[in-house]
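With the hints as constraints, model all of the structure from the sequences given.
Protein chains: 2
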Amino acid sequence: MTDRIAAVKTYLLDLQDRICAALEAEDGKARFAEDAWERPAGGGGRTRVIGDGALIEKGGVNFSHVFGDSLPPSASAHRPELAGRGFQALGVSLVIHPENPHVPTSHANVRFFCAEKAGEEPVWWFGGGFDLTPYYASEEDCVHWHRVARDACAPFGADVYPRYKEWCDRYFHLKHRNEPRGIGGLFFDDLNQWDFDTCFAFIRAIGDAYIDAYLPIVQRRKHTPFDERQREFQAYRRGRYVEFNLVFDRGTLFGLQSGGRTESILMSLPPQVRWGYDWKPEPGSEEARLTEYFLTDRDWLAGQP
Amino acid sequence: MTDRIAAVKTYLLDLQDRICAALEAEDGKARFAEDAWERPAGGGGRTRVIGDGALIEKGGVNFSHVFGDSLPPSASAHRPELAGRGFQALGVSLVIHPENPHVPTSHANVRFFCAEKAGEEPVWWFGGGFDLTPYYASEEDCVHWHRVARDACAPFGADVYPRYKEWCDRYFHLKHRNEPRGIGGLFFDDLNQWDFDTCFAFIRAIGDAYIDAYLPIVQRRKHTPFDERQREFQAYRRGRYVEFNLVFDRGTLFGLQSGGRTESILMSLPPQVRWGYDWKPEPGSEEARLTEYFLTDRDWLAGQP
Numbered sequence: 001m002t003d004r005i006a007a008v009k010t011y012l013l014d015l016q017d018r019i020c021a022a023l024e025a026e027d028g029k030a031r032f033a034e035d036a037w038e039r040p041a042g043g044g045g046r047t048r049v050i051g052d053g054a055l056i057e058k059g060g061v062n063f064s065h066v067f068g069d070s071l072p073p074s075a076s077a078h079r080p081e082l083a084g085r086g087f088q089a090l091g092v093s094l095v096i097h098p099e100n101p102h103v104p105t106s107h108a109n110v111r112f113f114c115a116e117k118a119g120e121e122p123v124w125w126f127g128g129g130f131d132l133t134p135y136y137a138s139e140e141d142c143v144h145w146h147r148v149a150r151d152a153c154a155p156f157g158a159d160v161y162p163r164y165k166e167w168c169d170r171y172f173h174l175k176h177r178n179e180p181r182g183i184g185g186l187f188f189d190d191l192n193q194w195d196f197d198t199c200f201a202f203i204r205a206i207g208d209a210y211i212d213a214y215l216p217i218v219q220r221r222k223h224t225p226f227d228e229r230q231r232e233f234q235a236y237r238r239g240r241y242v243e244f245n246l247v248f249d250r251g252t253l254f255g256l257q258s259g260g261r262t263e264s265i266l267m268s269l270p271p272q273v274r275w276g277y278d279w280k281p282e283p284g285s286e287e288a289r290l291t292e293y294f295l296t297d298r299d300w301l302a303g304q305p
Numbered sequence: 001m002t003d004r005i006a007a008v009k010t011y012l013l014d015l016q017d018r019i020c021a022a023l024e025a026e027d028g029k030a031r032f033a034e035d036a037w038e039r040p041a042g043g044g045g046r047t048r049v050i051g052d053g054a055l056i057e058k059g060g061v062n063f064s065h066v067f068g069d070s071l072p073p074s075a076s077a078h079r080p081e082l083a084g085r086g087f088q089a090l091g092v093s094l095v096i097h098p099e100n101p102h103v104p105t106s107h108a109n110v111r112f113f114c115a116e117k118a119g120e121e122p123v124w125w126f127g128g129g130f131d132l133t134p135y136y137a138s139e140e141d142c143v144h145w146h147r148v149a150r151d152a153c154a155p156f157g158a159d160v161y162p163r164y165k166e167w168c169d170r171y172f173h174l175k176h177r178n179e180p181r182g183i184g185g186l187f188f189d190d191l192n193q194w195d196f197d198t199c200f201a202f203i204r205a206i207g208d209a210y211i212d213a214y215l216p217i218v219q220r221r222k223h224t225p226f227d228e229r230q231r232e233f234q235a236y237r238r239g240r241y242v243e244f245n246l247v248f249d250r251g252t253l254f255g256l257q258s259g260g261r262t263e264s265i266l267m268s269l270p271p272q273v274r275w276g277y278d279w280k281p282e283p284g285s286e287e288a289r290l291t292e293y294f295l296t297d298r299d300w301l302a303g304q305p
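Protein chains in written order, with the UniProt record's numbering: chain A, 1 to 305; chain B, 1 to 305.
The set of hints was computed from the structure by calculation and includes no laboratory data.
Because the structure is a prediction, the values reported are computed rather than measured.
Some clues are possibly wrong.
Because identical chains share one entry, a pair is satisfied inside a single copy or across any pair of copies.
Stated by the list, open to error - List of simulated lysine to aspartate or glutamate pairs, EDC-like, C-alpha gap at most 20 Å:
#, residue 1, residue 2
1, Lys222, Glu139
2, Lys280, Glu228
3, Lys175, Asp249
4, Lys9, Asp195
5, Lys280, Glu34
6, Lys280, Asp35
7, Lys280, Asp52
As structure tokens, this is what we get:
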């Protein structure tokens, strides 16, 4: 298992480097700042944050590798057979909040988990995905985002994209609003049904696809002019992002409850946010169209090549 | 029990009226708008919200009375003996976010819960309290706030204030920041150790004390000039308020998970909020003093008359 963990780690560190380089080049002004940190109970991470850019108002691309002699109770609650095992958890997680409300917020994550015990087979799985949260959305962008997702999944079976697209819709859902967080993408967890090499190849395909999915959208929208009213709309919608991350996101809650590094976990929160009582966009407006048309768990590739 | 519920309801509706009238008079510009709502499963509420005032940027003072034939599972999880009982829950809950960062945010709540079953004694309890969240704090305000709290508790026993002050510190604590939400006040739950009349008199004392605790602070601070930098500090600190309410507050989580009225529950969230990666005030600044001196679960009345 040591070789496998080393291979996953090498891939993840390189993925973090490549994503940061691509985003910096696209921004053209801001640079990532790095915070290397250690976890007292074992492991650490390489947090990279960026902000006040020409494109990116706030963002982070984080690598972490944490391990320990014994799984925390919160991690083994649903898998009692793993209680007391040593574990390793590695991942890259990123959130990009652009300043321009015409450029969507994006999130991506790839992670590997392994629980070991002397004399027994290691238990391991992968998880990850990417999803998009537009403010002023375009059909073209949604189709492109999902097409890249589908094409990345295709070599692994025709059922993979529809299953993980649907899982993404189900996961990124604000129950108390009965509203999806965004226009979806891919989400998967507990992936170990294929052999290790195939699973690892799959998460590499997903990790590598993120930049191909996001950059063309950024390039198409980043020069669209915007005004204060549109920034306000973005700030209200970002409130929904905060609600999801703090109330529902398992990764965030697990991190905060298990003594994770708070600043690395909460780097996902948007820079400026508004809440208003019973705030709603004008009926018939472009803003109302976001929830009425785009945030409806649509099949973006129906009838598309 | 019907008479008791009617008496509690009459008190709570009157308390809501009196608090709204006092806050409107203090604001001088904004008026509360009322939203009466019904809960499909039984009961409803009278949500009153205010905003864009001379004093209050966003606030709400909500009354609700919900009931049903059978306690929701989330409410009986920790009290299995109540499963399947009919229930009534009544309360007034309020949060006031002033625009001026020199005026603290305040929160208060009084609530009554009763679970009944034919042929058995009703099970009932009260809960509530009030707590203060300053941005630019003053010793004088903290002492005044806690003195009003102590004096309201005094007729019910000398141990009441210290116990409920300590419970408040314990409850309004952001574990992932190791930081209290504010400078505290009172918090209590499961109150039924005294007879009904005494318990009811106690929550009336607490409900009535809120305005005496808050208004003098508002009056002292509302004319203090403030600048953009201080508004920014307030916005970052309000981020902590959001983190507490969405990650830890039992009332908020219970409400959102049990299909409560989302807009009434989330009226507690501040109007404009910021998050920055690893954001910290300058060492030695007035802003740093908030966390270093004021947010430390201090005994504000030590050595005070």
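A quick look at each hint next to the structure:
1. Lys222 <-> Glu139: Within one copy, since 16 Å is at most 20 Å while 48 Å is not.
2. Lys280 <-> Glu228: Within. Shortest intra-copy distance 17 Å satisfies the 20 Å Cα cut-off; inter-copy 28 Å does not.
3. Lys175 <-> Asp249: For Lys175 and Asp249, both the intra-copy (12 Å) and inter-copy (17 Å) Cα distances are at most 20 Å.
4. Lys9 <-> Asp195: Classified as within; 18 Å inside a copy, 63 Å across copies.
5. Lys280 <-> Glu34: Between copies, since 17 Å is at most 20 Å while 39 Å is not.
6. Lys280 <-> Asp35: between (39 Å within a copy, 15 Å between copies)
7. Lys280 <-> Asp52: between (28 Å within a copy, 17 Å between copies)
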